[in-house]
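With the hints as your guide, set chain B onto chain A.
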Amino acid sequence: MGRPPSSEVALRLFRSYYRSLKADEVNVTELSRREFAFSYFGEEGMHRHIAFGSTVQLLAHLAERAPRHAFYSTAYYRDPAAKNMDEKGWEGSDLVFDIDIDHVETPCKELHDRWVCKSCGASGWGAPLACPRCGSESIERHAWVCETCLSVASDEVLRLIELLESDFGLSGDEMLVTFSGHRGFHVHVEAPAVRELNQDARREIVDYIRGVGLEPDYMLVKARGGYRLRAETYGWYGRCARWAIVKAGVENPTLSKREWEDLLRECVKREAVAVDERVTIDTRRLIRLPGSLHGKSGLRVARLSVQDLEGGSVLDKVKVFIGGEAAVEFEGEPPRRILDLEVGYSTRVLPLYAALYLLLNGAKLSKFELK
Amino acid sequence: MAVDKLHVVLSAEDVRKYPFLPEALERVRYLGLTIEDIAAPLLRSVVERAAKYLEAAIDSLELPPPSEDCDEEALAYLVSLLILKIISDKMLIRRFSVAFSKRVFRLLLSEDNSKVAYVLSQLGLRVKLLGAAPSGYTFAINVFDYIENIPERRGQWKLAHRLVEAGWVLASKVEAVRLGEEALKKAVEERVEGLRVDGVRIPDAIYSLAEVISRKWSIKLREIREAWASEAPRGGEFPPCIRAIIDDLKAGKNIPHSARFALAAFLLNVGMSVDEVLEVFKSAPDFNERVARYQVEHIAGMRGSGKRYSPYKCDNMRTLGLCVAECGVKHPLQYYWRSARRGAQGGQAAQQ
Chain A
1 MGRPPSSEVA LRLFRSYYRS LKADEVNVTE LSRREFAFSY FGEEGMHRHI AFGSTVQLLA
61 HLAERAPRHA FYSTAYYRDP AAKNMDEKGW EGSDLVFDID IDHVETPCKE LHDRWVCKSC
121 GASGWGAPLA CPRCGSESIE RHAWVCETCL SVASDEVLRL IELLESDFGL SGDEMLVTFS
181 GHRGFHVHVE APAVRELNQD ARREIVDYIR GVGLEPDYML VKARGGYRLR AETYGWYGRC
241 ARWAIVKAGV ENPTLSKREW EDLLRECVKR EAVAVDERVT IDTRRLIRLP GSLHGKSGLR
301 VARLSVQDLE GGSVLDKVKV FIGGEAAVEF EGEPPRRILD LEVGYSTRVL PLYAALYLLL
361 NGAKLSKFEL K
Chain B
372 MAVDKLHVVL SAEDVRKYPF LPEALERVRY LGLTIEDIAA PLLRSVVERA AKYLEAAIDS
432 LELPPPSEDC DEEALAYLVS LLILKIISDK MLIRRFSVAF SKRVFRLLLS EDNSKVAYVL
492 SQLGLRVKLL GAAPSGYTFA INVFDYIENI PERRGQWKLA HRLVEAGWVL ASKVEAVRLG
552 EEALKKAVEE RVEGLRVDGV RIPDAIYSLA EVISRKWSIK LREIREAWAS EAPRGGEFPP
612 CIRAIIDDLK AGKNIPHSAR FALAAFLLNV GMSVDEVLEV FKSAPDFNER VARYQVEHIA
672 GMRGSGKRYS PYKCDNMRTL GLCVAECGVK HPLQYYWRSA RRGAQGGQAA QQ
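Protein chains in written order, with our numbering: chain A, 1 to 371; chain B, 372 to 723.
Watch out, some of these pointers could steer you wrong.
In silico BS3-like links for lysine-lysine, alpha-carbon gap of 25 Å or less [stated by the list, open to error]:
#1 B:K701 <-> B:K557
#2 A:K118 <-> B:K624
#3 B:K544 <-> A:K222
#4 B:K678 <-> A:K83
Since the hints were made in silico from the structure, they are not lab data.
Just chain B, with the same shape it has in the complex:
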């Protein structure tokens, strides 16, 4: 099915709100500014604004509203990306993309449908506007674009729960905008990744800002890490899926390869040694120490690519038919850490 061309006239106001659109880039190009010009004292407001965005992303994930001046906004957006590229910290880039996309989500919600559809199409989503749809839905999203951008792989977002026909998924305006937010997150990250700064002389004003941001980020990162460390688990509880696999093993059942992988990867990730894991597998009816050791060592990252494997997340466990309960986590390890944390907190309370 062909997607209708959308005719939308963008104003300076739109560029201000959506500085990632090609029209914004076009405008910046038209201004003909060099990177030195942007860093010059005359345009200090641009660099200051970029600083504000990056700091806000680090502090609270909540960006201040866009500038009143559309050129300043478009430039500040680009300077933010440039600084992210200079720092090149994946987690920081992700943090900014999340914060920025969240702001766009709120702005887009108050636009009319055709503008929403236009912005989405610029983010690579194939979108159709449905006039007076009998279903009450006003958007149709290409099914492959839909599944690549759903925020959660469960509940109302699960494709099987959607109205799907001939390659299109019906969506409400809020849902369509939410899909756009996800697509934008990825687009921002890709844009940063795609920037080339080798051989470009970066003006001092931008470099020193990058340093300030980088320092601020490392302080924040230390805080985050310390928070994690203080919650380090001691003997968490195994989730029902893992317990079920162990029970099957103990009962002498012949469990599928996927279950063996899930179990071995889980046990290794909660700190068991290869020998301890092998001990668990000994009750398998077809246990072969040599083969099992080779496989467990592979999963532990001691062989092959040297990559240590994570156990499957819950979505995968469900698909593989290994999920046995609804325990409100997204990853079996999350269940373990949570219960360990609860245990640790309980222990502390008892000591006090």
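Next up, chain A with everything else stripped away, as it sits in the complex:
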């Protein structure tokens, strides 16, 4: 049997998922003030400017249309269904952070990511910035995720949460942490204190979290034989002070400007969190709807607790179609590892969630049959 159009199988599976979706799995506060946007199987483009009066209405739409991708606005609007921004009437926005596996160093990209150079045609495993053969940066990538990537990115999320608590005084229950559905995580801060922040203020938060613009001149005071930190306890000073102990072996050391510069760089490298600045700065962003499925992975945009992130149980929370199996045959070389599975050219049967992921994320399959 030939390969069925992937959208038909996926649509059927997505519909079965959405028909049993419960209201408490969709974590959208003040739902009626948000804009929603969807794209559907077999259709091009995105349908925007959609609003719902209640969670029940939203669930009904999901069950009926089983969208391929579902988004909602981080912003609150007076009239979320209005077609243009002025008419929508912006009334604040959650503070959102995006941690993307692409921006985090992971050791497993060699196992699943493929690249092809568009200039010279060379190809290989991994995620190089430039073609190792001709040096061109014009590279097409095909990326996959596995348990290792998710675990490294989870650590990044945990560090972000800790920083938001310790430095910004936010509490865990003011944050909604979700899997982004494919290649990362989202942290939504919904506290009223942040909703009105303008883009400049949000950028200041991002720069702080990423350690952008930290300059030793503002952090050091002259001391006999060199320089010392102005303080050792708060914020980045505290982080630097801890690194200084590691590096210099004594508390509150006096070092040369040069040594401090190196230390600061090291400290930022280790302690800064790799959040995507564009997402946080944008006060009118559409972001994955919690509880929805990602159309390129078939995985759930699940709400996660600190325990999930710490205990490495992220995959258990986000895998959906764990019951069935599918028969597959690969056309080219498949990624060697996806999610929690090793895959090879000779693999013939896969759990449904893994087969669906391969299908949706564009693996070359000559056969895909539900068993």
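For chain B alone, kept in the frame of chain A given last:
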């Protein structure tokens, strides 16, 4: 962390210096004056004082000291706002708010800490006073209020350079007062915006003052515009960040979307046409004329909302990792205009 309630007793002297405080409004309300009363010859000093403030804001951004009479000051402040509302010129409102906040900054500096904290809290800043702080700082400002009111997003004000803990940023008295000045600027503008004058009969004395001020302002505005025009750039130099993006493009590198936007918006804003901009992008490895034209036209304001986009300012360029040098400007276009102006001046000198 809860913010302690501040107990401060305000005197008439405070109302005189800080006529934006609720106590000042309360006092005015207590006087029970109508707008006609204020405009009447008996209270001419109020309208005259308001006129003086507005003229000073236009001329020099430097307001004269407050009146000796606290009621007169409170009323003159309100009349100033009313006239600004009648004229409704954003730039003039901004000019007055800057001048007025600057005066308050100087007055506040000589107050004791608890009064400073009180005034700041009335401006919406969550503030804590630290007794004998080991750090030497006497104020703690809520971190979100801090980042919304920092006067500059660099140097000592950069949040990463501050002592930050559990949602509070330590600040010296001068810094706290400076943050208050920024908050006041916005508060004055919001207060003017929030005034409702539709359906209110404005007395002639106030209307004619508004006319005088408006005329004075348009003369000043013409002067400002002429100064700009005479400095109109001819072929300025591109800043290092923009040059770096162009170099990357020429080298066939695949540059991120943010860099493409920054470059296209920059080139359009220095007067290049859409076709000229597309010419620059042609060396991109994935150049697609149809898509690129659509995007550049969008940035130029020829599509979509019809809004022409500005390139990112330096702060944004830094955050996006596109800033490559410290060139002492706040906006890539500023670099261009400055060098163009220098070029123009050099040219004139050569001609003479």
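Now the hints, each set against the structure:
Distance hint between K701 of chain B and K557 of chain B is fulfilled; the C-alpha atoms sit about 21 Å from each other, no more than 25 Å. The straight-line distance between the Cα atoms of K118 of chain A and K624 of chain B is roughly 12 Å, inside the 25 Å bound, and the hint therefore holds. This hinted pair checks out: K544 of chain B and K222 of chain A have alpha carbons roughly 23 Å apart, not beyond 25 Å. With a C-alpha separation of about 16 Å, the suggested pairing of K678 of chain B with K83 of chain A holds against the 25 Å cut-off.
Checked against the numbered hints above, the structure violates none of them.
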